[in-house]
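Below are the chains, spelled out letter by letter.
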Amino acid sequence: MSDPKTKDTTMTATTAAISFDRVGMAYPGQKAGSELILADLSLSIAEGEFFILVGPSGSGKSTLLKIVAGTQKQTEGEVLAFGEKINGPDRRHGMVFQSVEEPLFEWLTVAGNVGFGPEVAGKSRKVCREIAQRYIDLVGLRGHEKKFPHELSGGMKQRVQIARTLAAEPELILFDEPFAALDALTRRVLQQELIRIWQETGRTMVYVTHDIREAVILGQRVAVMSRGPRANITRIYDIDLPYPRDDLDAEFARSVREIEADIEKEASSQWQAQ
Amino acid sequence: MASAMNKATARKDMAWSAASVAAVVLLWQAVSTWFVDPMFLPTPVAVLQGAWQLLLDGTLLSSIAVSMMRILSGWILGSAIAIPIGLAVGVSRTARALIDPFIHFFRFVPAIALVTLFIVWFGVGEVSKIILIAYATAFIVTVNTASGVSGISQDKLDAARCLGAKPLQVFRRVTIPASLPSIYVGMRLALASSFLVIAAAEMLAADSGLGYIIWTARLYFQVDWMFAAIIVLGLLGFITDRLWRWAGRSLFQRFLRGVTGY
Ligand SMILES: Nc1ncnc2c1ncn2[C@@H]1O[C@H](COP(=O)(O)OP(=O)(O)OP(=O)(O)O)[C@@H](O)[C@H]1O
Ligand SMILES: [Mg+2]
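Note that the protein sequences, when read in sequence, are chains A and B.
When we follow our numbering, the leftmost residue of the first sequence carries the number 1, and every step to the right adds one.
When we follow our numbering, the leftmost residue of the second sequence carries the number 1, and every step to the right adds one.
Be a bit skeptical, because a hint or two may be false.
What the hints assert, rightly or not - Cross-link-like lysine-lysine pairs, in silico, BS3-like; alpha carbons within 30 Å at most:
hint	chain 1	residue 1	chain 2	residue 2
1	B	K166	A	K73
2	A	K147	B	K166
3	A	K147	A	K126
4	A	K147	A	K123
5	A	K85	B	K166
6	A	K146	A	K123
7	B	K7	A	K123
8	A	K146	A	K126
9	B	K166	A	K146
10	B	K7	A	K147
11	A	K85	A	K123
12	A	K146	B	K7
13	A	K126	B	K166
14	A	K85	A	K73
These aren't lab readings, by the way, just hints derived from the structure by calculation.
Chain A with its partners taken away, still in its complex shape (with noise of 0.2 Å):
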């Protein structure tokens, strides 16, 4: 059942894959005194979590997730995972992102993009060939190994970009709108695709999305986050459906009504203020 909590403080931090405590963030070189994107913003994941992030566009999900990944430091409080703190890039926070062309290397086939992370992990050339080969299956992709990425199509190249991620074997990972760019028919494909990694693989799972169905498909919680600047999390909804989800569900239905919703009211209030 949808129950709304204004803020998630069921969970410590010891078992938290993620944690906020109070966190600010403003981008170096931005004027000096100007408002923070981020503000007090708190937060807490739970390890094997499937956590999804809604909020009106620029308000922050983007650079909430890129100080997860290590990309941006947080200006303010303290971000640690798995209890520690974040110091740069790492490979157990691993990262797909919303673009479907740049983050890959055009220059490899799909096999040595996927074995890309076991490859600067240093591991052999037999071990490397072998965890691609296994991310590869997962997501579908086999019979395409020796493809380069401009033989691909849109959607298979986010398969790259998640089988990729997954072979660094990340014990987090996070996914900036990935499948926005995609058609309906594969982004529901990929769905479930996503769905069966996260049973399979039992990762924690961080998801941005602009699309209220899938975060109802995809995730065990959804947190809202207010406009931008100063933008927090106003609220975080509970999705306790089985998996896989039935979007004719009625339960399903109001989760969605409640959180677009939720969105709408975010949003307008953005119009009003400008």
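Based on the hints, put chain B with the ligands in the right spot on chain A.
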């Protein structure tokens, strides 16, 4: 990879190019026969005869060898210096701050303006010419390399880092391969300007080379020699450019997709 369809298209393109060259040569023959004093514009036939003369007495082949040796050594030397500098400037803010003023000053000082100075410094031998070509090459390749490096998308670099690559691994496995297209294009542009520079250098101070033939033909009123050397220079440029493009398409194809089209 080329399918039958592609081969047919390629053959058709070749036929058009051949027809276009033939038409221009015919036009040249007509103009030089009927409209212009052959002292100024020798006919294609006369040029061929001149070239034959130069070929028989050995001048042509030795000049080609000498000029090509200068061009290729200078071009390779210049690139070998420029690529590491370009990479450094593209990667490191400090390196950029240190080197940028010089790059953007000297790249506007044309190599041709330095011919005489280099002769004073390095003598009339091979060294001054090779250094001159290296100079002309280096700035083009540096600027292209650096702009290639700074054009690498942040997502690509972040992706590598999030997959666990350490800074040196990011450099070797992402920065270098991702900037190869710009390096390749820079070297191709530099090759063209090497030809420009060698002609000028050999006219001013040399006793061999195609530029030397062009310059000295004047003394003997041998405009046909001049034309022969000019055409050979153009042909050599054309051939080396094609070879470079071929190398890009076959040997380094996976790194250079998209820049070997023209
Ligand atoms: N590199 C940057 N430098 C300065 N400001 C930035 C940078 N990246 C993002 N911002 C600013 O931070 C705010 C939040 O951006 P962010 O990309 O995190 O939003 P988002 O919630 O992911 O939006 P969207 O849903 O449109 O992707 C925006 O106001 C944006 O202008
Ligand atoms: Mg975003």
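Structure-based check of all given hints:
Restraint check for B/K166 and A/K73: satisfied, since their Cα atoms lie roughly 18 Å apart, inside the 30 Å limit. Distance restraint check for A/K147 and B/K166: the Cα-Cα separation of roughly 26 Å lies within the 30 Å cut-off, and the hinted pair is therefore satisfied. Under the criterion of a C-alpha separation no larger than 30 Å, the hint pairing A/K147 with A/K126 is consistent with the structure, at around 19 Å. Taking the CA atoms of A/K147 and A/K123, the gap is near 23 Å; set against the 30 Å cutoff, the hint holds.
The hinted pair formed by A/K85 and B/K166 meets the criterion: a straight-line CA distance of about 18 Å does not exceed 30 Å. The hinted pair formed by A/K146 and A/K123 meets the criterion: a straight-line CA distance of about 20 Å does not exceed 30 Å. Between B/K7 and A/K123 the CA atoms are separated by roughly 43 Å; this puts the pair beyond 30 Å, and the hint is violated. With a C-alpha separation of about 16 Å, the suggested pairing of A/K146 with A/K126 holds against the 30 Å cut-off.
For the given pair, B/K166 sits about 26 Å from A/K146 by alpha-carbon distance, which is consistent with the 30 Å threshold. Of the pairs offered as hints, the one joining B/K7 and A/K147 holds, with about 23 Å between alpha carbons and a cut-off of 30 Å not exceeded. Annotation: proposed proximity of A/K85 to A/K123 holds, straight-line Cα distance about 26 Å (limit 30 Å). Between A/K146 and B/K7 the alpha-carbon distance is near 25 Å, which keeps this suggested pair within the 30 Å criterion.
Restraint check for A/K126 and B/K166: satisfied, since their Cα atoms lie roughly 22 Å apart, inside the 30 Å limit. The straight-line distance between the Cα atoms of A/K85 and A/K73 is roughly 11 Å, inside the 30 Å bound, and the hint therefore holds.
In summary, the structure is inconsistent with hint 7 from the numbered list given earlier, while agreeing with all the others.
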